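Going by our numbering, 80 is the number at position 80 of the sequence shown; the sequence numbering is gapless.
Hint data in this document are derived by calculation from the structure and do not stem from the laboratory.
It cannot be assumed that every hint is accurate.
[As the list claims (entries may be wrong)] Below, a list of computed lysine to aspartate or glutamate pairs in the EDC-like style, where the Cα atoms sit at most 16 Å apart:
#, residue 1, residue 2
1, 67, 261
2, 37, 294
3, 36, 297
4, 37, 297
5, 36, 294
6, 37, 196
7, 19, 35
8, 277, 261
9, 37, 291
10, 36, 143
[Stated by the list, open to error] With beta-carbon atoms standing in for the labels, derived distance ranges:
#, residue 1, residue 2, range
11, 280, 312, 33 to 43 Å
12, 124, 201, 20 to 30 Å
13, 122, 261, 40 to 50 Å
14, 161, 96, 11 to 21 Å
Since we're looking at a predicted model, the values are computed, not measured.
Positions of the beta carbon are idealized from the N, C-alpha and C atoms, including for glycine.
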Amino acid sequence: MDANLDVWFAEYGTLAVIKGHTRSMDLFSATLHREKKVLFSQLNASWGFVADLDIESDQFRWIGRSKTVVSALRRWLFLRRYRAWVVAVPHPDEAADAAAAAAAKGEQAAANDVAVAVHGDPEADPTCLEACPYYAEAPPAVEHPGPHRQFAGLSMSDLLAPAGGDTAAAPMLLSTPSSQPITLLDASNMAYLGTDYRASQRQRLRSGYLDVVADPPGAAVSRSTLLRALLSGGFVDPAHPTASRSLRTRAVRICPLGLGDGDGPWPPERRGELAAKARARGTSVFSVSGEPFEMQDVTVEVHDGLVRVLAPAWLDG
């Protein structure tokens, strides 16, 4: 937290404690639907490359601070591509920016980012949207005494429904198993995941959104992008804005299928075969601020200004 609080020396932290300066800070919740468990945390929730290298780095603790680099290079060499249904509920600022960008190009703003057909018969196509868990029916209720979770109890179809008919601010279907692979999916409410790694160029202690970094639309993030991220200390590279996707979201729902084949969309005639293989291979782990959990259907959503933390007076919270 030293980087996120702009406290680079112990003396600064001590001064903040003595003076009692506080700032509001967002937290996020991760609802694990199969385990019926709710987690509240700050930092990040991730699946794929970032989660794998983080969890697997524990076996290299004897190396010291270089353990993360060694784990990242190992995972880069033996890259995993997953398949899943993923829906994001955009923050109003993200929706407005997307609509403005589409209008500037002379295109109609679309609520659906996925370029391939997503609707179909689950019996014929196990990767279509209707085959997604909890597509029509809401997930089982997960009781928790904490703050209200607005999106965790909604079905996938309800999540995708524009609020009040406002299609400009409609949730976005980021992927289906057949539309594209998922190499990394990271939702952070902090700018820094570590002293030397910046997950977001725009996050603050209280921003009211999760910054989601994922593969670019319709394709897998390239190995060169991953390597550049390792060398530069962050996935969001202003010099290469199309190398990965970055979205400000209020929530994201992930329904994993498994470890899949290919770097692009699956051909319609092979979807059943490839889906069966992906499901048999499993889904690895889901990381919540460095703690591993079995990957399953999960809803991650931000809670605006839920807590207050001691922070320097100069910090722009």
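Can you name, in rising order, the numbers of the hints this structure does not satisfy? 1, 6, 7, 11, 12, 13
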